[in-house]
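Okay, so the sequence shown: first residue is 431 according to my numbering, each after it adds one.
Each hint should be verified, as a subset may be incorrect.
What the hints assert, rightly or not - Below, simulated SDA-like cross-link-like pairs (lysine to any residue); rule was C-alpha separation at most 25 Å, straight line:
#: 1; residue 1: 752; residue 2: 771
#: 2; residue 1: 777; residue 2: 453
#: 3; residue 1: 453; residue 2: 661
#: 4; residue 1: 777; residue 2: 573
#: 5; residue 1: 453; residue 2: 442
#: 6; residue 1: 752; residue 2: 770
#: 7; residue 1: 661; residue 2: 475
#: 8; residue 1: 453; residue 2: 682
#: 9; residue 1: 661; residue 2: 675
#: 10; residue 1: 777; residue 2: 560
Hint data in this document are derived by calculation from the structure and do not stem from the laboratory. Since we're looking at a predicted model, the values are computed, not measured.
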Amino acid sequence: GVVMPASEALAAAGITPVVLAAKEGLALINGTQGATALALHALITFEPVLESALVIGALTVDATRGSDGPFDPRIHELRGQLGQIDVARYYRALLAGSEIRQSHVEGDDRVQDPYCLRCQPQVVGACLDQLRHAALILVREANAVTDNPLVFAEDGVLVSGGNFHAEPVALAADAMAVAIAEVGAIAERRIAMLIDAGVSQLPPFLSADAGLNSGFMIAHVTAASLASENKSLAHPASVDSLPTSANQEDHVSMATFAARRLQPVISNVSVILGIEWLASAQGIEFLRPLRSSAALEQAHALLRAECAAMPTDRYLAPDIEKATALVSRGALSSVFRNLDGLPTLWKPA
């Protein structure tokens, strides 16, 4: 973890620096390596955030006494979308054994939950499918030859082509931006539901004394502003080509920017999820002494180890920062990955 010049690091490891021969330097910078690396880094960065989104989304289902009926496997098998099927499986596993769910199986006069609860497999599952496809494209590109011109030594020829054009990376990164932004968009809607007493049946703004306290009102405003910012950041970069080099390079992919802007989108989503985690945990407090599932109680405890419940108003920025940091560094990944017998994020069942 020590930052040092590359020459010192190589010397300390006993590695002799590579001496580039003819054309090798150009090969390292002439292809799609930069954009591909940025996109893959974003994909890896988002993995624990997406795992957090699934756990926190399930916690919100329980905090609002939502139904697990929409996660019935028969619904999703009829559609056949793999990401949707997998996300429904995740939610069934996360909610299994919840006393809160059992408490309102009977006598609950609500007919259907809002879309932000019952359509989570359809929305997040579609995002997962896009991310899985992007991962396939990017891994393929990372192992590809994207230099130009190309030397075919066995044939003794040098051929000029266009493998340097990063359109596959740009389109993958654009799809990732939309998918990541959508994970944040539906999370913001769940926060809105949690603080709306008319829908969640929880105290207004999750405050026991809403007349004197604003609760999570302004925290939701923060989440809404970040979700709106992501709408602009998710605009496709690949459609914005401009010609250069006297029209020789007359169509370019804009892949580097497409990949580079993924990090701020991920950062915004992480904050939104941190706020939702705080809000859903607060909602759970109002349902005590009932217990959620073992997995969701673990998620609740992980947050409470850093952030106390909020019986009255306080400055929430430190709590949001702590919750966001937990999301970003994958504190909830252990909860998600301990769900037995379920597909990983990147491999459909």
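For each hint, the structure was consulted:
1. Taking the CA atoms of residue 752 and residue 771, the gap is near 31 Å; set against the 25 Å cutoff, the hint is violated.
2. Annotation: proposed proximity of residue 777 to residue 453 is violated, straight-line Cα distance about 38 Å (limit 25 Å).
3. In summary, the hint linking residue 453 to residue 661 is not supported, as the alpha carbons are separated by about 42 Å, beyond the 25 Å threshold.
4. Annotation: proposed proximity of residue 777 to residue 573 holds, straight-line Cα distance about 20 Å (limit 25 Å).
5. With a C-alpha separation of about 29 Å, the suggested pair residue 453 and residue 442 falls outside the 25 Å cut-off, and the hint is violated.
6. Annotation: proposed proximity of residue 752 to residue 770 is violated, straight-line Cα distance about 28 Å (limit 25 Å).
7. For a cut-off of 25 Å, the pair hint linking residue 661 to residue 475 stands: about 20 Å separates their Cα positions.
8. Proximity of residue 453 to residue 682 is assessed by CA-CA distance (about 23 Å); at most 25 Å being required, the pair is judged to hold.
9. Between residue 661 and residue 675 the alpha-carbon distance is near 32 Å, which puts this suggested pair outside the 25 Å criterion.
10. In summary, the hint linking residue 777 to residue 560 is supported, as the alpha carbons are separated by about 13 Å, within the 25 Å threshold.
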